[in-house]
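Trainee: Sequence:
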Amino acid sequence: LVSLLVNQGRASDNQRLFNNAVIRVQHLHQLAAKMINDFEDSLLPEERRQLSKIFPLSFCNSDYIEASTGKDETQKS
1 LVSLLVNQGR ASDNQRLFNN AVIRVQHLHQ LAAKMINDFE DSLLPEERRQ LSKIFPLSFC
61 NSDYIEASTG KDETQKS
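Read in order, the letters of the sequence shown correspond to residues 1 to 77 in the working numbering.
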């Protein structure tokens, strides 16, 4: 019984840590997107034109990647 309770405690700790990590990653992604938008807004038209030749603006690869939503789904991938 004690072993079962300890294992359940570890599982809930792991789930809490996983949920915390997901929240932090989502926050960092939003922060990065805001920084890119702020940078793009600060460009002069000629700078924007030159940069768009090198790298397409307003494009984020991770917007098109389906992210898992739970621990079990993440472990399957």
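Be careful, since some hints might not be right.
What follows is a set of in silico ranges between Cβ atoms, one per label pair, in the way DEER data are often shown [unchecked claim]:
hint : residue 1 : residue 2 : range
1    : Asn14     : Lys34     : 24 to 32 Å
2    : Ile23     : Pro45     : 32 to 40 Å
3    : Asn14     : Asp41     : 52 to 60 Å
4    : Arg10     : Ile36     : 32 to 40 Å
5    : Arg49     : Gln26     : 27 to 35 Å
None of these hints come from the bench; they were simulated from the model.
Beta carbons are placed, not taken as given, at the ideal position from N, Cα and C, and that holds for glycine.
Trainee: Hint by hint, say whether it matches the structure.
Mentor: Structure-based check of each hint:
1. Checked against the hint of 24 to 32 Å, the pair asparagine 14 and lysine 34 passes, with Cβ atoms roughly 31 Å apart.
2. Restraint check, isoleucine 23 to proline 45: a C-beta distance of roughly 38 Å satisfies the suggested window 32 to 40 Å.
3. A beta carbon spacing of about 41 Å between asparagine 14 and aspartate 41 contradicts the range 52 to 60 Å that was offered as a hint.
4. Under the hint 32 to 40 Å, the C-beta atoms of arginine 10 and isoleucine 36, about 39 Å apart, fit the expected range.
5. At roughly 32 Å, the beta carbons of arginine 49 and glutamine 26 sit within the given window of 27 to 35 Å.
In terms of the numbered hints stated before, the structure departs from hint 3 and from no other.
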